[in-house]
Amino acid sequence: AAEYSWTFQTSETNGEPQFEIKKEWAQNVKTMSGGRIEIEILPVNAVVPANQTLDAVAAGILQGHLTDPSYFSGKDPAFGMIGNLVGAWGDPLEFLEYMKYNGGDEIYNELVEPYGLHLIGSAATGLESLPSSKPIRSVDDLKGLKLRAPEGMVYDIFSKAGATPVNLPGSEVYTSLEKGVIDAADYTVFATNQAQGLHSFAKYPAYPGFHSLPMVSVSINKQIWDGLPDDLKKILEVSVDSMAYEMVAKLKQRDIKAVAEARKDPNIEIIDLPAEERAKFRNIARQEWEVWAKKNAITQKYYDSVTAYLKENGMM
Amino acid sequence: MGGLGLNAMGIEYGTYLLIGGIFGLLLTGLPLAFVTGLVALIFTFGWFGPNALPLITSRVYGFITEYSLVAVPMFVFMASLLDRSGIAKDLFNSMRILAGRLPGGVAVQTLVVAFLLAAMSGIIGGEIVLLGLLALPQMLRLGYDRSIAIGVVCAGGSLGTMIPPSIVLIIYGLIASVSIADTFAAAVTPGTILMLSYVAYVLFRCLRNPELGPPLPERDRLPAKERLVVIATGLFWPVIIIGIVLGTIYGGIASVTEAAAMGVVGVLLAIVVRGEFSPKLLQQSVQHTIDTCGMIIWIGVGAAILVGVYNLMGGNRFVSATILGLDAAPWVIIVVMMVILGVLGLFLDWIGIAMLALPIFVPIIVQLGYDPVWFGVLFAINMQVSFLSPPFGPAAFYLKGVAPKEISLQNIFMALIPFICIQVAVLALIIAFPEVSMWILR
Amino acid sequence: MTNEPSLPDAVEPLKDEPNSGDPSEDGPITGLDRLIGLASRAIAWLVFIATAISVYEVFMRYALNSPTSWVHETTVFLISVIFALGGPIALARNKHIRVRILYDLAGPRMRWVLDIVNGVLTLVFTFGMTYAAWLMFFTASHNPLGEWQLERSGTSWNPPFPAITKGVILLAVAIMLVQALMHLFHTLTHWPRQTPAQQGGR
Ligand code: NA
Ligand code: NA
Chain V
1 AAEYSWTFQT SETNGEPQFE IKKEWAQNVK TMSGGRIEIE ILPVNAVVPA NQTLDAVAAG
61 ILQGHLTDPS YFSGKDPAFG MIGNLVGAWG DPLEFLEYMK YNGGDEIYNE LVEPYGLHLI
121 GSAATGLESL PSSKPIRSVD DLKGLKLRAP EGMVYDIFSK AGATPVNLPG SEVYTSLEKG
181 VIDAADYTVF ATNQAQGLHS FAKYPAYPGF HSLPMVSVSI NKQIWDGLPD DLKKILEVSV
241 DSMAYEMVAK LKQRDIKAVA EARKDPNIEI IDLPAEERAK FRNIARQEWE VWAKKNAITQ
301 KYYDSVTAYL KENGMM
Chain E
1001 MGGLGLNAMG IEYGTYLLIG GIFGLLLTGL PLAFVTGLVA LIFTFGWFGP NALPLITSRV
1061 YGFITEYSLV AVPMFVFMAS LLDRSGIAKD LFNSMRILAG RLPGGVAVQT LVVAFLLAAM
1121 SGIIGGEIVL LGLLALPQML RLGYDRSIAI GVVCAGGSLG TMIPPSIVLI IYGLIASVSI
1181 ADTFAAAVTP GTILMLSYVA YVLFRCLRNP ELGPPLPERD RLPAKERLVV IATGLFWPVI
1241 IIGIVLGTIY GGIASVTEAA AMGVVGVLLA IVVRGEFSPK LLQQSVQHTI DTCGMIIWIG
1301 VGAAILVGVY NLMGGNRFVS ATILGLDAAP WVIIVVMMVI LGVLGLFLDW IGIAMLALPI
1361 FVPIIVQLGY DPVWFGVLFA INMQVSFLSP PFGPAAFYLK GVAPKEISLQ NIFMALIPFI
1421 CIQVAVLALI IAFPEVSMWI LR
Chain U
2001 MTNEPSLPDA VEPLKDEPNS GDPSEDGPIT GLDRLIGLAS RAIAWLVFIA TAISVYEVFM
2061 RYALNSPTSW VHETTVFLIS VIFALGGPIA LARNKHIRVR ILYDLAGPRM RWVLDIVNGV
2121 LTLVFTFGMT YAAWLMFFTA SHNPLGEWQL ERSGTSWNPP FPAITKGVIL LAVAIMLVQA
2181 LMHLFHTLTH WPRQTPAQQG GR
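Order-wise, the sequence lines are chains V, E and U.
Counted the way this note's numbering counts, the first sequence spans residues 1 to 316.
Counted the way this note's numbering counts, the second sequence spans residues 1001 to 1442.
Counted the way this note's numbering counts, the third sequence spans residues 2001 to 2202.
These are computed hints drawn from the structure, not numbers from a lab.
Treat the hints with care, as some may be off.
[Stated by the list, open to error] Sample of chain U residues facing chain V (criterion: CB under 7 Å; computed from the structure):
#, residue
1, Pro2067
2, His2072
3, Pro2144
4, Arg2152
5, Ser2156
6, Pro2162
Since this is a predicted model, take the numbers as computed values, not measurements.
Every residue, glycine too, gets a C-beta built ideally from N, C-alpha and C.
The task is simple: from the sequences and hints, build the whole structure.
If you want it as structure tokens, here you go:
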């Protein structure tokens, strides 16, 4: 048997591609460690609800999780801010570059280690698409748009941009969008929306999205981490980096395929928001970042660090 | 983590012990909610140790904050209000007139009402409580056979997850990554067939023996004009209320859950207009709602805890290995999957089954070349069975919560047997002839 | 107008009050149970509030195009409180569903034994739950430094509902623990010599 046998819970159901990629990561870890580490990957809600995995990893019920930190915004707003800095990233690779080489991972660890977790590495799911039944060709088109927004910064930023955010749980999105209770939804990636048939009534998907890029934090119980030998630590870190790039590439590939399929349907109009409109939205978002920065020391630190990075790279 | 060493027995024997433990505890007469909860608690402690115990309350937290369950108390509230007003009695009086000389006619109409309710809700629970409070006492009052009346309420009230909107199919669509619209469409025909089969069964029984569903006696027959008045009076408010709920959903005014709240307002409005409103009526209704909810929700709580522990024990790997170990023809694998779903359905609630089994089954189905949408329909029908099958039949529990005292849980489960047989027959039909459900997508 | 009088009123609709017939099925047996029954009269109104604000949200969103940021969270919160406290309330009224096969076959003494077995099992369950709920509530009400800080929902409105809900779960299972203790004590002090009807159910 393996020296280390762990259970990690994810934030997806089993069918989603992210889940398969996470399972491959576990397989890679096993191969690379010569069978010394065996990780079981479980779907969302398998052991505890999605918003309780932080506590479960800390308590040692789970040994780790691969999840969107926004679920823990209620514990510390920094989770929401790092987990999904709305409007900041034009591409998941920018986000990964920032996290790995420009201090993001360190700030996240500063946040999460007191809870008894250690961030092995960051990944991202790719820019989400915004399924909408009304065309969004400019930021002005957001005015009065009834848009489903969950926890985190999304709600306030869309509110600032003139939209009418509706706080609705994920399980109600499909029917509500179909029947017209809401006009648009901050939901998930294009390919998944297409597969679920969302575009048959949300005919104006905004893609590539301009709003949301959720982080996937790959974290482990800190006590376990501290007790690991250096070779296994390195294997975990390197394998997470590799998974992060794989996730970007594979999800993009899948989106491209789905976009091609959607384009064949004359009823669906995929709208790519022009660069100047994206800039407008980012500026609105930045005002909200400033509000969040003032919430505590870590949100301030993250804000300073991210804006420095964005400025250095001419993105702001 | 060190437990009491229970984990040394391995997942296979662990599974048997877990099931055995549930059956053993059931027999003692311990409340069902505590049976599953206690077994889960013992396994958590014994397998993983005391540090893992917060898992249990974490599951409780997740379960009771589940948004889709918000509709349950709303429906129960609606039912309690209707029960205390004269609306239900008027409705069933007019249904009795409508049924006329047809034996079992009121039961048939109850099934039609259940079908309409199914289009108003995406879960089960609320509808069964609603029908259990309204239709069951009325059918018994009209001299209907108890078993038929119980079966109609439970089987009909379960249709909510077969007819769109359906949370079961939405969750299936998410897990299987297939179009939710397609699963909705594909489920409509089998759902209708289920309803019609229940109707056929009721008519078959009642035509052979009219005492099971007494037709309107000659002395109660009314002149045509009076008949119309009675029918119109009885149907007026129910039609308005159903219209409000369906209208708010299909008109895009409210989400499925909010529509249940709109229904409550509709009922309150009707009660006020009819001059039946009093603060006491409202107090009694909310009181009845919280009593009923406490009872039915805690059974779900117990099952939810159990699923979490079993998953952590590696239960899903065990089930997966068992299936993959089979070397058989594709259709045999389908049947085996159905049997496993059926067995899981004896103990777990549908969400637990979906979380446990679907991640394993769906990839295999796709690999075998079957359409996952079709399998989604099979899953939904299977869940219909699980709602009724003992020892954990949520439909039976929901009904027990509101049924007259003299009806025991055993009475209910006995009454459900023919309806379970019908469900299994429809399941077999859809397995043998997939086109019966899939034609709509061609 | 209707032909009501000719119908046999064989089955009356259910009433709220426990029916007086069989004490084993209904009715509080301890002072605490009675107290819980009284408190439930007030708590029950939460369902009315949840309904009313849901309708308010629909009106604000559909008619005025300005949905609230607080209704959905509050509704889920109120309903979860009802669900959690529904546990002790149902226990106080002995409404929890159970399989009564052995029970119905058993004589008064066997029932008494079964009651004790059930009482002990319920005690074990509620004790484990209370311990677990305490751990959960502590985590939700303290930050990693051990300072008092309530877990919030993380939404724009950001109410401390998660911490409060977990506190209510702790309250519910702790009440059930005390109920279980008192029920067990009641059973132990009531050795069966009265009529069988008074023994069943507990
Ligand atoms: Na439905
Ligand atoms: Na069942």
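Each hint, compared with the structure:
no. : hint    : verdict
1   : Pro2067 : holds (5 Å)
2   : His2072 : holds (5 Å)
3   : Pro2144 : holds (4 Å)
4   : Arg2152 : holds (4 Å)
5   : Ser2156 : holds (4 Å)
6   : Pro2162 : holds (6 Å)
Checked against the numbered hints above, the structure breaks none of them.
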